[in-house]
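Colleague: Protein chains in written order, with my numbering: chain B, 1 to 284; chain E, 1001 to 1291; chain F, 2001 to 2250.
Quick caveat, the hints were computed from the structure, so don't treat them as lab data. Every value quoted in this text rests on a predicted model; they were computed, and no experiment measured them. We put the CB at the ideal spot given by N, CA and C, even for glycine. Treat the hints loosely; a few may be bogus.
Said to hold, decoys possible - Simulated restraints on C-beta separations: (1) F:Gly2039 <-> B:Phe274: 36 to 44 Å; (2) B:Gly270 <-> E:Gly1099: 16 to 24 Å; (3) F:Asp2213 <-> E:Thr1167: 36 to 44 Å; (4) F:Ala2146 <-> B:Thr5: 35 to 43 Å; (5) E:Pro1083 <-> B:Leu37: 37 to 45 Å; (6) E:Val1032 <-> B:Phe274: 39 to 47 Å; (7) E:Ala1010 <-> B:Arg132: 55 to 63 Å.
The primary structure of each chain is shown beneath.
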Amino acid sequence: MSNMTRNRLLDGAFRAVGLLATMLGLLLLAVFLLDILRTGLGRLNWQFLSALPSRFPERAGIYTALLGTVWIMVLTALIAVPVGLAAGVYLEEYGRKSRWSALLEINITNLAGVPSVIYGLLGLNIFVRFLRMGSSVLAASCTLALLILPILIVATREAIRAVPKTLREASFALGATRWQTIWYQVLPASMGGILTGIILALSRAVGETAPLLVLGVLAYVPFAPKSPLDEFSALPVQIFNWISRPQQAFSFNAAAAIIVLLLITFGLNGLAIFLRNRWRRHLP
Amino acid sequence: MKQRERLIEALLALSAGISVLTTGGIIVMLAVEAAHFFRQVPLGTFLTDTQWTPLFADKHFGILPLVAGTLLTTGVAIAVALPLGLIIAIYLNEYATVGFRNVIKPLLEVLAAVPTVVYGFFALTVVTPFLQRLIPSMAGFNALSAGSVMGIMILPLVSSLSEDALTAVPRALREASYALGATRLQTAMRVVVPAASSGITVSVILAISRAVGETMIVAIAAGQEPRLTANPLVPVETITTYIVQVSSGDVAYGTLEYDTIFAAGITLFILTLVLNNVGYWFRQKFREQYE
Amino acid sequence: MPELEVKHVNVYYGTNHVLQDISMTIEAHTVTALIGPSGCGKSTFLRLFNRMNDFISDFRYEGSILIQGQDIYAPQQAVEELRKRVGMVFQRPNPFPKSIYDNVTYGLVLQGVRSKAVLDEVVEKSLRQAALWEEVKNDLRKSALALSGGQQQRLCIARVLAVEPHILLMDEPASALDPISTAKIEELIYDLKQQYTILIVTHNMQQAGRVSDKTAFFNYGHLIEYDDTGRLFTQPSHEQTQNYITGRFG
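Assemble the whole structure, with the sequences as input and the hints as a guide.
Modeller: Here it is as structure tokens:
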């Protein structure tokens, strides 16, 4: 066999291997989603969604966990979004090439790489103990807000960067101040990208489990939270708790709860992609 | 007007400052709490003792078994994610059509959007039983299935960062190679991958950092038995698992046993900090290369 | 049999008709200059001969191109084999980020040549042919990126010669270089003509006049005029050619 033939054969072989490898990840995802559906779909009904937690698997439901997840999603957004947006705007529009902004830059890159369980330890010490919030909705939301802050800042900055310079110049030329330019021109023009970033960050927050466990969030909470200072449970914590139990019946519950959690995270991700594509078309 | 502008700028700067405060908070909190621990356990013992049994009657405080568990699961994850991720990156960048790439990339990103607790369930209920059929001696909790599932989780990270590195290689180099009669594979392996090697290194470093800090998959599927071993078939415990195990258990606050999680935490923090900064530094370096 | 035969070639990028019904014949051991304004299709035309246009996703082609009577777009033609016979030098020097030695041997290593003696010999021979040997013979293990632009371009020529092609395609090989390096490259082209058939795209009329035997003038995807270089520059038969070579457009 000549070298040329051999090289061409190897090339063809790699093409096949490459396609296979690309499909393998997706194939595993499919296997895994099908397995979850097969295990959990039978358990998923109105009773499961509306029942309180119970030590009997067939009576247990995710009512309080689901409400807890909705609570922390809303509260985390309320805390993190203004801060993240403001920080992103500051870094992109005000941050000069100074030591301070270089420090902020490295700092944010580093924060994005801190393991979530460390954020849990931070929240445990600051919010749960020092500020005496206990394992409340507020403590968890503050912790998750810090966790998604780097994601929000980066997304805000990227969205703002995509706004053409000419828009700013036009505004300045009409006598607008820096803030007026940001508020009336830059932010509206970058809203699509920012919104996408917010939704992706929230989908990350919704799925986080480890920080909540470290904060001491419980699986068995027989009431829905009525105020931010109430104790609560969340879907991922409930799922972890069910996975950890030996009885087979609980793993059906876990799978059913996973279907609900995935619906939320995939829903949020889908929404983010939809918004991103929609907004791209509006950009000049 | 001028004052209002200044006030706004100050408020924005304050928000940006929160990120610095967070970092400061993490460092101070870990240092203070770990100091409690190191007042009772000498650093030498912590770093060299080969047993980790803070919750038993015969207490040992050697971090090595937890580090070993962490490195073992991480090693398995990288062994899965690196070759697969690199092949995918090469395939998408050098072989696939633009249309195919545009469909596949968002789908691969879905893998990164799945919550890790869900991956844990998958590892425990699907991957472990499957692997046990191949390797009957494998324990129910082990580093192999937790690590491989973790590898799937970090696959999009490796493939997309590697792809960025491959894309940054100038087209002129590819053309030179093709014009000399190289196949796509030869061009990829002999020209593009070597030229992108620092970018690929970044992807690996960041992937290692992610795997080291990952919690739920290993907490669910790798076990909770600190063990100094390189055997991926037996239960181990990672640093992250230990932190979750103790903080969500019923160990009393303020005791030495409780303070162990901060000693473990600061170890984990330093590990990821070093990895992230080496990655960051490398990335700056390879950006300069093509500018 | 002529070395190269182009028969009624049409090229499209999507709906864009970039080359329209081109036919020409090129004899062996000649230098043919391809001239014309930017975007006239001359680079696309050049890249037909080693099928580098194949990488453009909406590239479409009609007609036939024969090298020594063989259709290079025939289904049984291996492109790698074709590109071994038809070498190419690009506009900007594009050495690999490897040593000088590894750059020159690249094409042979691809073909599985491993013998150090053979490779050493080819490196010396190719670098001599490219008039670079004396400048680099003590630095063969140094990175090619450390060379000057003109040296890099001659290295790229040596890299092509090492594969022993019959035909050399040159896409404005001196446009990114200083006048002294340009002169060296032109001298080189003159020497290489003894062994190779050369097609060169150039923007520089003087250069076309100096190095080529025949010149083809392209405009808007058409081959306007193809003639002996001397005649084309002194008595062009088309007004467009006349306007172009006297610098009225382009």
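Colleague: Are the hints correct? Go through all of them and say.
Modeller: Verification of the supplied hints:
1. F:Gly2039 <-> B:Phe274: 36 to 44 Å: holds, 39 Å
2. B:Gly270 <-> E:Gly1099: 16 to 24 Å: Given a distance of about 21 Å, which is inside 16 to 24 Å, the answer is holds.
3. F:Asp2213 <-> E:Thr1167: 36 to 44 Å: holds, 42 Å
4. F:Ala2146 <-> B:Thr5: 35 to 43 Å: Because 37 Å falls inside the window, the suggested range holds.
5. E:Pro1083 <-> B:Leu37: 37 to 45 Å: violated, 30 Å
6. E:Val1032 <-> B:Phe274: 39 to 47 Å: Hint holds: Cβ distance 46 Å, inside 39 to 47 Å.
7. E:Ala1010 <-> B:Arg132: 55 to 63 Å: violated, 29 Å
In this structure, the hints that do not hold are numbers 5, 7, in rising order.
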